[in-house]
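2 protein chains.
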Amino acid sequence: MIAVVGSGLVGRGWAIVFARAGCTVRLWDADPEQATRAIRGIEAELDGLAELGLAGDGPPPEVLGRISVASTLDAALDGAAHVQECTPEILETKQAVFAQLDAAAAQDTVLASSTSGIRASLFSESLTGRARCLVAHPLNPPHLIPLVELVPAPWTDPAVVDRTRALMEGVGQATVTLKKEVPGFVVNRLQGALLHEAFRLVQDDVADVADVDAAVASGLGLRWSFMGPFETIDLNAPGGIADYVARYGELYLDLARDGGPPRPWDPHLARALETDRRKQLPASRLGERARWRDRRLALLAAHKLRHASDHDI
Amino acid sequence: MIAVVGSGLVGRGWAIVFARAGCTVRLWDADPEQATRAIRGIEAELDGLAELGLAGDGPPPEVLGRISVASTLDAALDGAAHVQECTPEILETKQAVFAQLDAAAAQDTVLASSTSGIRASLFSESLTGRARCLVAHPLNPPHLIPLVELVPAPWTDPAVVDRTRALMEGVGQATVTLKKEVPGFVVNRLQGALLHEAFRLVQDDVADVADVDAAVASGLGLRWSFMGPFETIDLNAPGGIADYVARYGELYLDLARDGGPPRPWDPHLARALETDRRKQLPASRLGERARWRDRRLALLAAHKLRHASDHDI
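Residue numbers (the numbering used here), protein chains in the order written: chain A, 23 to 335; chain B, 23 to 335.
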């Protein structure tokens with residue numbers, strides 16, 4: 023049994039992830055109306071997913087039937103092996119919620135936060151059960167992008183990390199396990215590195231916003247949708263990755279040095295980017311485009327599922 | 023009529039790009055046997071592409087019929103509107119080949135190099151026709167990854183850039199046009215930024231090679247296969263990209279500063295990466311895996327083609 027605490031978009035996505043894999047899910051929200059809305063949202067989402075083969079084995083009503091709204095936090099936690107916390111990204115909120123969870127959950131229940139940036143050490147230090155707390159950060163939405171970052175605090179029990187990884191992989195997610203807690207974890211550090219270079223290229227008037235986007239969306243991003251950066255370069259030199267480093271390492275070092283130290287994303291640049299993006303997509307259509315993105319992610323997930331083992335070696 | 027000069031993997035890919043779009047292609051290689059082998063390679067490739075709807079409108083023999091091997095460079099250039107140069111990545115070679123091309127091609131023929139890193143200013147400066155020279159750098163293979171970087175030298179005629187962009191977009195490629203010549207162009211600067219962070223995460227023992235790869239291949243890379251980094255963050259804050267910068271700009275700056283100055287990829291790290299990758303994939307299977315990669319790229323290209331206009335807004 024899985025307890026999902028917080029029923030916004032992230033909580034809804036997690037409920038789908040666990041329920042479509044056959045787990046019983048109890049959803050709890052401090053705002054009971056939000057939880058009720060969440061169930062209706064999940065119901066609608068499951069129909070679309072089922073059409074693409076992404077709603078698990080059973081029919082959508084069966085998957086939906088595994089998700090219930092708990093009327094109290096205690097009821098949600100009763101018998102839960104794993105709690106996936108999905109409350110707002112505010113340190114004080116995380117601290118208060120984790121104190122509540124640690125006080126109420128059975129001793130062997132794992133307490134995992136979906137936070138994208140707040141380290142587990144910041145909200146678990148003073149808790150009796152701090153060894154069972156960790157971050158399990160999904161990308162959004164978790165039911166369409168499988169990756170979860172597992173980030174232990176210095177005091178998290180390694181067995182808790184192992185159990186969480188086994189659970190996540192068991193329900194079809196992919197994991198990256200951090201061996202220590204670092205700011206930004208892995209995903210946002212990688213994304214940040216790419217963003218800094220993208221910002222610099224526009225600021226230095228090397229290329230337009232839309233062109234930098236095309237360089238990724240029609241270029242680099244294609245390989246990266248099924249191979250990571252290391253495997254990519256391992257296959258891009260005849261002798262593998264060591265050969266690649268020997269051939270191009272110095273060149274890449276020059277490029278990195280040439281960029282100079284990290285620059286703040288100043289308000290002037292932010293305004294220029296905003297103006298540019300709004301020409302491509304008016305603010306009034308941001309929501310519509312986010313739905314388009316999620317539809318494309320769902321189509322891609324179905325595509326990857328279909329070809330996951332094709333010619334795999 | 024398009025002349026493709028050099029018939030290795032890049033030249034073959036370009037011949038397919040142009041021929042499947044209906045252009046007549048003349049292939050020339052200093053080694054005539056290599057050119058003959060190229061035709062057989064293209065024939066085999068076209069059959070696989072046709073099954074996925076990636077070989078253009080006509081049947082493969084019709085597409086193949088548009089490609090011929092020229093017995094001399096003059097014959098290849100005769101009547102060519104565009105030359106796509108694909109010879110080895112050696113500065114002296116590029117200089118010699120471009121001198122030959124500039125001497126032999128009609129005045130209004132555009133001379134484009136496929137080089138991934140040699141700036142056009144380095145091989146065109148002394149040529150009479152230097153204003154018609156530029157870099158048109160594809161990702162590999164060009165018939166499966168549509169992106170082409172157009173990089174003018176300081177003296178390249180803007181009309182030549184425009185004409186090349188129109189040609190490339192006309193045959194179904196996507197373009198990024200650099201407004202000035204910078205080392206690494208755009209694609210390798212973006213890739214380098216991500217690689218530097220990936221190397222750092224492994225070197226600092228934050229995460230394993232396979233886990234960093236998973237962070238991209240099952241996470242970040244999914245969105246990036248159809249949206250660039252700017253559009254991604256534009257949709258990741260309620261108020262668009264300016265809102266995103268206001269919310270997270272300082273955090274990303276801290277992460278970038280936290281990484282410290284660019285580090286060389288030292289031989290010790292390269293050996294560790296090589297050892298790690300060879301456990302995942304023995305050296306004897308690198309070629310097989312590269313074919314798997316190309317198969318996945320072809321499947322993804324077909325997928326993107328199918329959904330390009332789906333729900334597009």
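Possibly wrong hints are sitting among the right ones.
No distinction is drawn between identical chains; accordingly, a pair holds when it is met within one copy or between any pair of copies.
Result set (EDC-like, lysine to aspartate or glutamate): computed pairs, CA atoms no more than 20 Å apart in a straight line [to be verified]:
hint : residue 1 : residue 2
1    : K301      : D79
2    : K326      : E73
3    : K326      : D53
4    : K202      : D100
5    : K301      : D276
6    : K326      : E191
7    : K201      : D280
8    : K202      : D230
9    : K202      : D184
10   : K301      : D179
11   : K326      : D316
12   : K202      : E272
13   : K301      : D227
14   : K201      : D100
15   : K301      : E55
These aren't lab readings, by the way, just hints derived from the structure by calculation.
Hint by hint, here is what the structure shows:
no.: 1; hint: K301 with D79; in the structure: neither (43 Å within a copy, 34 Å between copies)
no.: 2; hint: K326 with E73; in the structure: both (15 Å within a copy, 19 Å between copies)
no.: 3; hint: K326 with D53; in the structure: neither (36 Å within a copy, 41 Å between copies)
no.: 4; hint: K202 with D100; in the structure: neither (31 Å within a copy, 63 Å between copies)
no.: 5; hint: K301 with D276; in the structure: neither (35 Å within a copy, 30 Å between copies)
no.: 6; hint: K326 with E191; in the structure: within (16 Å within a copy, 28 Å between copies)
no.: 7; hint: K201 with D280; in the structure: between (31 Å within a copy, 18 Å between copies)
no.: 8; hint: K202 with D230; in the structure: between (38 Å within a copy, 11 Å between copies)
no.: 9; hint: K202 with D184; in the structure: within (14 Å within a copy, 50 Å between copies)
no.: 10; hint: K301 with D179; in the structure: neither (50 Å within a copy, 28 Å between copies)
no.: 11; hint: K326 with D316; in the structure: both (15 Å within a copy, 15 Å between copies)
no.: 12; hint: K202 with E272; in the structure: neither (29 Å within a copy, 23 Å between copies)
no.: 13; hint: K301 with D227; in the structure: within (18 Å within a copy, 43 Å between copies)
no.: 14; hint: K201 with D100; in the structure: neither (31 Å within a copy, 61 Å between copies)
no.: 15; hint: K301 with E55; in the structure: neither (38 Å within a copy, 51 Å between copies)
Consistency with the previously given hints fails for numbers 1, 3, 4, 5, 10, 12, 14 and 15, ordered from lowest to highest.
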